[in-house]
Amino acid sequence: MTSVSMTVNGKAVSGDVEGRTLLVQFLREDLSLTGTHVGCDTSQCGACVVHVNGESVKACSLLAMACDGAEVTTIEGMANADGSLGVIQQAFQDHHGLQCGFCTPGMVMSAADLLQKNGSPTEGEIREWLEGNICRCTGYHNIVKSIQAAAAVLNGQAQAAE
Amino acid sequence: MPKDQGIGASSKRREDIRFLTGKGQYTDDLNRPGQTYAYILRSNVAHGAINGIDTGAASAAPGVVRVFTSADMEGLGGVPCGWQVTDKNGDPMKEPMHPILAAGKVRHVGDPIAVVVAESLNEARDAAELIEVDISELPAQIDMASAISGGAALHEEAPDNICFDWEFVAENKAAVDEAIAGAHHVTTLELTNNRLVANPMEPRCAIGEYNSATEEHTLYTTSQNPHVIRLLMGAFVLSIPEHKLRVVAPDVGGGFGSKIYHYAEEAFVTWASKQLGRPIKWTSDRSEAFVSDAQGRDHVTKVELAMDEQGKFLALRCSTLANMGAYLSTFAPCVPTWLHGTLLAGNYTTPLIFTNVKAVFTNTVPVDAYRGAGRPEATYQLERTIDKAAREMGIDPIELRRRNFIQPDQYPYATPVAVEYDSGNYTATMDKAVEIANVAGFAGRKAESAARGKLRGLGVASYIEACGIAPSTLVGALGARAGLYEAATVRVNPTGSISVMTGSHSHGQGHETTFAQVVADRLGCDESQIDIVHGDTSKIPFGMGTYGSRSLAVGGSAIVKSVDKIVAKAKKIAAHLMEASDADVEFANGEFSVAGTDKKVAWGDVALTAYVPHNFPHETLEPGLEETSFYDPANFTYPAGAYICEVEVDPETGVVEILDFTAADDFGNVVNPMIVEGQVHGGLAQGIGQAMLEGAVYDADGQLISASFMDYAMPRADDLPSFAVDHSSVTPCTHNPLGVKGCGEAGAIGSPPALVNAVVDALAERGVTHIDMPLTPKRVWEAMNS
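Residue numbers (our numbering), protein chains in the order written: chain A, 690 to 851; chain B, 131 to 916.
Don't read these hints as lab results, they were simulated from the structure. Just so you know, these numbers come straight off a predicted model, no measurement behind them. A portion of the hints provided could be inaccurate.
[Unchecked claim] Computed far set for chain B versus chain A, every beta-carbon distance over 10 Å:
| hint | residue |
| --- | --- |
| 1 | 286 |
| 2 | 299 |
| 3 | 368 |
| 4 | 383 |
| 5 | 523 |
[Stated by the list, open to error] Each pair of labels, with its calculated beta carbon distance range:
| hint | chain 1 | residue 1 | chain 2 | residue 2 | range |
| --- | --- | --- | --- | --- | --- |
| 6 | A | 845 | B | 544 | 57 to 63 Å |
| 7 | A | 721 | B | 286 | 48 to 54 Å |
| 8 | B | 720 | A | 809 | 44 to 50 Å |
[As the list claims (entries may be wrong)] List of simulated lysine-lysine pairs, DSSO-like, C-alpha gap at most 30 Å:
| hint | chain 1 | residue 1 | chain 2 | residue 2 |
| --- | --- | --- | --- | --- |
| 9 | A | 834 | B | 142 |
| 10 | A | 834 | B | 576 |
| 11 | A | 806 | B | 576 |
| 12 | B | 153 | A | 834 |
| 13 | B | 153 | A | 700 |
Backbone N, C-alpha and C fix where the C-beta goes; we use that ideal spot for every residue, glycine too.
Bound-form chain B, shown alone (with noise of 0.2 Å):
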C-alpha cells in the first residue's frame, strides 16, 4: 500500500499550482520601480584586438541613459573561477583574468564588449547598432590540438594555450605501463565527448537594484545558488560585504549546470545599477545565451584497458584533452579532472589506473559543468571500452562486466582514484535491468527485425557517480576555494506550522514537496504545516546550492539535523509541561507522551509554550524553537545502476530508432518515487539527447553555427520513446541520516554510452566498432558503408 504522506510516498507537488496556472515568478517576470534595460553588444569575431570603440552616436540616441565599456569599470576585479588545479609540475593552473566586460582583446564569438542601458530594450537594442567597435582580427584557435601545437595565445599567461597539465594518480603510472606492456589483450579506443548547450528553458536573466539610503544592492538573478553568487561577485569582483548585498533566484526555469556559475552581466547590473541610481534588467536571448552560457563536455581521450585471459580488468589509462574555452568559468577546473579522474574504476576492481588530462583554452564559450559533468565523460569512456573490449575478447558484455564488478561484500571499497565507495551492488541492478529489457528474447527479436530488412541492436552501460558534493575538507585539499556543507533553519512557529529555509535552491527538482514530506515525516506532521523557502540570501543562513545531485543528501541532511535539534528542544518542554524529566518523554506522531503513563501534550502546545513561555524552564531552556545546521558531509554519495537500450537502424539511411530504453538504478533511499523517476527521464532525454542529436558546432573561424533552436537538435518528443525505469535496487548510503543517494544526474550519464553501445552492436556485422556522437543519420550511414 503506497504511502499517501511522507517519506516513501509520490506526494504531488505543490510548486505545480503555480507553475500551472502562470503565477510562477521568473526573474523576468520581475519588474522595478524606475528599471531601465540593458543590451549587451557582443563580439561577433573569436579573436581579436580591439582598437577603439566608439559609442558616441549610441550615447545619444533616444532613450539612451548610459553606454559602458571596460574603460568605465576599471579598478573592478574580474569574474573569479572557483576551483585551483595543480599542474603535474607542481605549478598552480594559468588563471587569466576574466573581465567582466572584453578588456583590450575579445577571446570568444559572444564576449561582451559594450553594454547600452536604455529607457526600454528596443531603444537599448537600436542604439548598439550604432557603436563602433574597430577590431583587428588574430588567427582563432578552436580545435585543441592545433591550439596546443604552436596556435596563436589567448592569454599571455599561457602562451601554449595549455591551463593545466594533470597526472592522476601520479604514483600509479609506471605500474600501469607496465601492466599494459605485458597484457594478455588491451582494447584501445579515442573517442569525442561532444560539446553540449545545456539549454534551460528559461534564458538567463539578472537584475541589479541599489538603495542608496540603506547602501543596499540587490540582485534578482537566475541561479542554481545564489549564496555563491553573493560570496564570489561581492568578495572578488565588486568588494561589496555580505551584509549590504542581497541575492534573490525566484523560480528558476531549468538549470542542469549552467546556472551555477557567476557570469559577467550579474556583476554588471549590480555595478551599474548604483552608477545610475536606477535599477537595469538584462534579459539573455536565446541567441545570446548559445554564445554567452557556459557550455559543457567537450573532451577528446584516448583509453587503453588491459585485461587477462578472462578479461579481468588489469589497468586503465586514459589521455584527455579538455576544453575550458576562452576563459575559465567558475567550476570549470574541477570538471576534467576530480569529477573525472575519480571516476574511472567505475563499477570494476580495476587495480591499477592513470589518466592525463590537459586543459585548453580555445576561442570558444566558456565550459563547465552540465547535467553530471565530468562523471558522463568517464563513464562513457569506461563503458564503451568495455563493450569494444567484450567484442574484441569474445565475451558477452554484459558478462565482461559481471566478472568486473565489484561484489556486495567489499564495501567500503577504495578504489585506486582517491574514493572510498560506502555500498552499492552491481550486479542487482544489472540483473534488473536484463529482467525488465527482456534480454532473453533479443536474440528472437533481431531476427525478426532482419526479417523487416532493419538491423537491430542491444547496448548496456553500467554507472557510479559521485554525488552529495561534497566533503570540505577533501575538495578543499584539491583545490576548491569553497566549503561543500548546506546549511537550513527550521523555524517552528507560535501556532505550531513549521518555515524551513534551505540553502538547496529548486529550479524544477520538486523541493518544496520532497522537502516537506522529510520533514512532515520526521514530526508527524501534515505536509502542509510546513513552508520551504529558498532562494533569497536575506531569508536563508547560507546555502552552498544546488547542483552534483547534492539537494536531499547534504540539503536535506542539514534540515534532518535542524529538525533533530527541534525535537531535542521540543521534549525537553513537554517534560516540562508533564511535569517529567526529559529521558521518558516519548515523540511520536506529532505527540509528546510519558512511556508508561496516558500524560501526553500536543505538538501545538509545546510549540505555543515556546512561544508564551508563562510555564517554562527558564532556568534551562530559552525561549522560542528554531533551529540552524550545517551539515557537511562525511564522504560522497555512489548511486549507481545499469542501463540496456534497444535499437533499430536502418540501413539504407542510417536513422536510428530507440525501441526500448531501461534504467535501473540504485539511488539508495527514495523520498518521493514520483519525482525520482522525473528526474530520471529528464537525464535520460538529455543523455540521448547528446548521443543522438546534439553537438556545438564551431567553424574553423570561432562561429558557433549551431546557435539556435534551429540548428542546435534538442530532443522534441517524437524523438523520444517512452522509459522504464526502475529504483527498486537499494543500498542506503551508509553516512547521511536519510540513505538517500542523489538522482538528477544520473540518466545523463549512464545513457550515452548504452544507446551508443546498442548502435555499434546493431551495426557489427558491417565492421563498425565505432561511431563519435551523436549518431546523425550521415555518420550511422557513413560508417556503415566506409
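So here's chain A without its partners, still in its complex pose (with noise of 0.2 Å):
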C-alpha cells in the first residue's frame, strides 16, 4: 500500500491504495465519489472521464499513486456554488442531452474540456471531439445540440463581463 493525497473538487484527500489500484477505482471506492462510471476495460467508452490538472482524462487510465499531488475534478465538482446546475449540465437538460444517465457525468466533462479550448466548435468539431465517449441511449444528437447551446451560454457570460 502507498499514501496518496490529491485534491478533488476543491478539497484535499488522502489513502492508502495498492499500486494496481486505478484513479477512477480510487475515486470511486476510497471517496464515494460514484459519479465517475466505468463502461468497459479498455479505455474506450469515456463513462469516467474527470479532469486531472485541468484536462480530461479517462480516470481508467491512470493509476492512484500517478495523481498524488494532483488537482482533480469529477462531475460531482460541476455545479454552481449553490448546487444548481452549471452551465453545461444545465444546457444538457434543456436539450435532453442524457437518457439512461450512465454517459453523462463523462460527457459534460469531456465537453466542458472541449468548451475550454474550443469555445465555439461547430457541430463536425463537436462530433470529433467526442470519439472517446460513447452514448448507447440518444444517438448523439441532443448531446451535440447540449454542447452548442453550452457554448452560446458561455460565450454570452464571457462577452458580458468585457
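Could you use the hints to bring the two separately framed chains together as a complex?
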C-alpha cells in the first residue's frame, strides 16, 4: 500500500492504495464519488472522464499513485456553488442530452474541456471531440445540441464580462 | 403555443438533475455492510466436457471466503425460459436445463464454471487464476446450417441441435405455394440479420443480501423488470416465496432488452449470500458482458415475394434459421416466432403469408430480444425484398409501397398473420417523409455527387411494429408463461401530494417525467406535486416491467385507471363536503365544484378529509385516497412510419457517408415530444449501427473475436448525422385511454432497411443488388468490384 494525496473538487484528500489501483477506483471506492462511472475495460467508453490538472482524462487509464499531488475535478464538482446546475449541465437538461445517465458524467467533463479549448466548436468539431465518449441512448443528436447551446451561453457570459 | 405542463409539453426531465450531478444510484454504486466480492471464472472454450475442477489452491488464497462450483448447488433449479413454442409436429420445443454454473459441460465461451467470493475483488480475481479446470474439447457448433446437419449435439434433448421447427400460418402453406408458383413475378432474396450485442453503457451488476433475522433475501440488480426477476428466480430457481424476496433495480444505465432476462449471476449472489451470511457483489466488466449478456438478432432468411403485373403483392414465403445460442434465454423462443412472424404483413395488404422458422442451438452466447426483437428482422426482410422487387419490376420503390399500403379506411385491419391493426395511415407518414427528405430534389443532388465522382443513393423503408405488449389471454395461448398486464398504485397523500407506484421501470426512458405529466394532466395539478416510484418490489404492488415499447401504452394506462378511480372517489368526498349529490360534482383544474352553483372545494381539502375523516361519508366510503389498478391491454398497439436515408458512397474506398436521415413516425398521441424525439434518435443510432458498423463475430472455434469496445464497432458521435424526426402524423390507438402507441423501438426497426436500400440504390449502376449488414467499406468495395 502506498499513501496518496490529491485535491478532489477543491478538497484535500488522501488514502492508501495498492500499486494497481486506478484513479477511477480510488474516486469510487475510497472517496465514494460514484458519479464517475466504469463502462468498459479498454479505455474506450469515456464514462470515467474527469479533469486532472485541468485536462480531461479517462480515470481508468491512470493509476491513483500517478495522481499524487494532482488537482482532480469530477462530475460532483461541476455544479454552481449554490448547488444549481452549471452551464453545461443545464444545457444537457434543457436539450435532453441524456437518457439513462450512465455516460453523462463523462460527456459533461469531456464537453467542459472542449469548451475550454474551443469556445465555438462546429458540429463536426464536437462530434470529432466526442470520439472517446460512447453513448448508447441518445444517438448523440441532443448531446451535440447541448454542447452547442452551452457554448452559446458561455460566450454570452464571457462577452458580458468584458 | 406549446404547453408547459401535462400531456403534450416538452417538460424537462426531473431525473436529469441527479444524473448530471453524479448523484444517480446505479447498482454498482451501492455497497452493503460486510459485503464480499464475486469473480466468475468462465469457460474459454466454446464446447467441452468438464472432467474436473480443482479449487484447492484458490480456496486457500489470501482473502478468499469460499469458492463455488455446480457441485455446491445441487437441488437448485436452472435458469428458466419464459416462453414455450410448439413445434410444427405438435411437440413442445426442446428446453434443456440451463444450470447456474456449468454442470458436466461448457457450451459457450463465457459459460460460468466457478465463482470465487473474497474480501476484495482483486483477491477474488487473483484466486480465480489458481483454479484448474480440466476440459475435453468437443467440436464447436457455430454456423447454424452445419449445426443442424450432423454437428455435435450441445444438449442430449436436441440431438439435431434444433430447438423447434415452427410453421406459421400452417394453414396458408398450400395456398402460398400455389400463389407463388402461378405469379407474374417472384422476387427472391437471401439475407442475414447480423448478430448484435446490446451494450448498454452500464455493465450488469448484482448484489445479494440475506437477513437471517427476518429470513428475507434482497437482490439489487440491473434489471428492466424487478418483479419478473422475483417471479422467475423465486419460483423456478431458488424456491423463495415472494414475501421473502425483495428485488431492487435502482437507476439502471440502459437496457435495450439485455436487462430483461433473469441471469445466472442474480441467482448465484442471492443464494450464496445466505450460504455465507454476508452480502455478495458481482459487477460485470465489459469483456465479461460481451460473453454473458444475451445478444440479439442472428437470423438467416430466404424471402420470396409474389406479385401481379401491377406489382400488387400476392403472397410472401419466408424461411429462417434463428440462432438461440447455447441455452434458451428468458424470452428467446418468442422473438423469431410470435414477435416476427406476426409482423410479416408489414404495412401491406399481402393476402397470403407463410413462414418457417427453425431455432438452432449453437455454441454461442444465448440470443434474446434486443431493441425491436423480431420486428426489425421482419421489417428488414420485407423492406429489402420490396426494394429489390421494385427494381426488378421497374416500379419506383415508393410507388410500389403505396400501391400495396393498407388504406386508412380499412381499419380495423385483420392481417393474414393473426394480428388486427387498430389504426394507421401509412400514406400520410410516407408523404411526410418524402416531403422532409426532399425526394423531388434527389436527381439533382445525385448528379452533383456524380460530378464529384461519388455515388449517391436514396433508400426508403416503411415499418410497422406491434407494441404495448400484450393481451395476457392472447400471449398465454401463444406460449407465454406470464401475463403481460401492468400494475400501478396512485396514492394521494394527506396534504394533496401524489405518489405513483408503477411496475414499469425506467432506465433512460424518462418515466419519472412522462408519467408525472400524465397524472398532472388528469388531475389538473402541478407536475412537481407528483412523485413516480419504480424499481423496488417492496414498494410497488406488482409489475411486468419495461420492454416492447410498453411503458406508456400499458403502464401508463394502469396509472390512468388508478387516477380515474381516485377522481371518482374524491368526487364523492367532495359531494359530501359540499352537501351535493355525487352526480352534480364536477372536477376540473384541480378543483371540485357543483354545477350551476358557486360551491367549490379544493383538491387539498378533499385529500385531507380522506385522511382526517371527521366530516366524511363513512356509511358509503372508506377513509384514505389510494387506488391500485391492473391494466391488461385489449390488443397490441401498432406504431408505424416511413424512413428515408440518403448516402454517398466513395467508389474508390467503399466508405459510406450518411448525408441525411429522415424519420416520419405515427406514435399515436405524444405526451412529451422532447422525450419521444430522443427515443427515436437513439433507436436510429442503434439501427444505423447494425446496418453500418456492428456485428458479433465468432471464429470457427467459437471465440467471440469482437468482444470489446475496441473490436465491436458501436456508433461514435462522428459516425452519425443529425436526424430529421417528425411525429406529426397521428392516428391514435383506439383501445387504450391515452391513445398512445409506443416509440422506443421504432428507430431501430425502420432504419436498417432504409440505409441498406440507400447504399444498394447508390451501387445499382454497378450491378449490386444486395449487401449483407454491416456495410463495412470492405463489403461495399467488394460488392462494387465483384
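Here is how each hint holds up against the structure:
1. 286: holds (36 Å)
2. 299: Consistent with the label, residue 299 of chain B stays out of reach of chain A, its closest Cβ about 36 Å off (over 10 Å).
3. 368: For residue 368 of chain B, whose nearest Cβ neighbour in chain A is about 29 Å away, the distance exceeds 10 Å, so it holds.
4. 383: Violated: least Cβ distance 3 Å, not greater than 10 Å.
5. 523: Holds, since 35 Å exceeds 10 Å.
6. A:845 to B:544: 57 to 63 Å: At 58 Å between Cβs, range holds.
7. A:721 to B:286: 48 to 54 Å: For residue 286 of chain B against residue 721 of chain A, whose Cβ atoms are near 50 Å apart, the range 48 to 54 Å holds.
8. B:720 to A:809: 44 to 50 Å: Taking Cβ atoms as reference, residue 720 of chain B and residue 809 of chain A lie about 46 Å apart, which means the hint holds.
9. A:834 to B:142: holds (15 Å)
10. A:834 to B:576: Holds - the C-alpha atoms of residue 576 of chain B and residue 834 of chain A are around 29 Å apart, at most 30 Å.
11. A:806 to B:576: violated (38 Å)
12. B:153 to A:834: holds (24 Å)
13. B:153 to A:700: Cα-Cα ~18 Å, so holds.
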